[in-house]
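All chains, full assembly: derive it from the sequences and hints.
Residue numbering for the sequence shown follows our numbering, starting at 11 and increasing by one per position.
By construction, these hints were calculated from the structure, which means they are not laboratory data. As the structure is a prediction and not an experimental result, all values here were calculated from the model. Please note that the accuracy of each hint is not assured.
Unchecked claim - Below are the DSS-like pairs computed for lysine-lysine, each with C-alpha atoms no more than 30 Å apart in a straight line:
(1) K151 / K67
(2) K79 / K172
(3) K181 / K119
What the hints assert, rightly or not - Now the in silico label distances, taken between C-beta atoms and shown as ranges:
(4) I118 / K181: 17 to 27 Å
(5) P102 / K146: 31 to 41 Å
(6) G185 / P102: 52 to 62 Å
Virtual Cβ for every residue (Gly too), placed ideally from N, Cα, C.
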Amino acid sequence: MKRLVSLLIILCAVLYVGSYYQWIKVPTPKQPFEVPQPEQTLRITSEDSAVTTAVEKSLPSVVTISIKKTTQARDTVRINPLNPFSPFETIPGTPQEVEGNIGSGFIIKSDGLIVTNKHVVSDEEATYTVIASDDKEYPVKQISRDPLNDLAILKIEAKDLKALTFGDSTKLKLGQTVIAMGTPLGEFRNSVTKGIISGLGRGITAGSEFDQSAER
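This is the structure in structure tokens:
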């Protein structure tokens, strides 16, 4: 009986040592290490939000151009019944000062360089004023005109103006959204409208080709 008990004890010991040995030798499969992924935030910008952001950024660089000119009113003719030999008398017209907004431009240098169309400032006898988006007025000191490209550069005495940043027109594509800002028809200052690019590389003719005042 004692011999049987001893054999059972030895057998249990052998099984225990064997299982322990296998537990040490056989590696436990490791779980694959997962790299934590950063949280990704999807930012969606609506078209309205993009337009308002562009307007807020660009409108301070858009200006209104005003003209002032003295014109001679037409002469008038009246009949003088007291002078039968020369009953018609000519009354010369009185000079009149005409003033009003005529177009738009934009700032290209903070020290007072403005770009506009040549046909906006074509009258060399008139004086012009630049009205900034904050309603400050600056008399135009110098004008350089380019009739071929219908462009003009205006110089005003100012500093710390907000200039526009030029983009790359070669990257434009048909159907892209565009925003226009300015003073259409000389009215409604700081107006904004939106459209799409309907054509590239096109030109238009402003003025008359017959009197050599055409601008393309």
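Need the status of pair K181, K119: alpha-carbon distance at most 30 Å?
At roughly 23 Å apart (the allowed maximum being 30 Å), K119 and K181 satisfy the hint.
Is 52 to 62 Å a correct range for the gap between the Cβ atoms of G185 and P102?
Roughly 58 Å apart at Cβ, these two residues keep to the hinted range, so it holds.
Taking only the CA atoms, is the gap from K151 to K67 under or equal to 30 Å?
Within the cut-off at roughly 27 Å; holds.
Do the beta carbons of P102 and K146 sit within 31 to 41 Å of each other?
Holds - the Cβ-Cβ distance for P102 and K146, about 39 Å, lies within 31 to 41 Å.
Quickly compare the C-alpha distance for K79 and K172 to 30 Å and report which way the hint goes.
29 Å, holds
Check the following: the C-beta atoms of I118 and K181 are separated by a distance inside 17 to 27 Å.
Since the Cβ atoms of I118 and K181 sit about 20 Å apart, the hinted range of 17 to 27 Å holds.
Hint compliance for this structure: no hint is broken.
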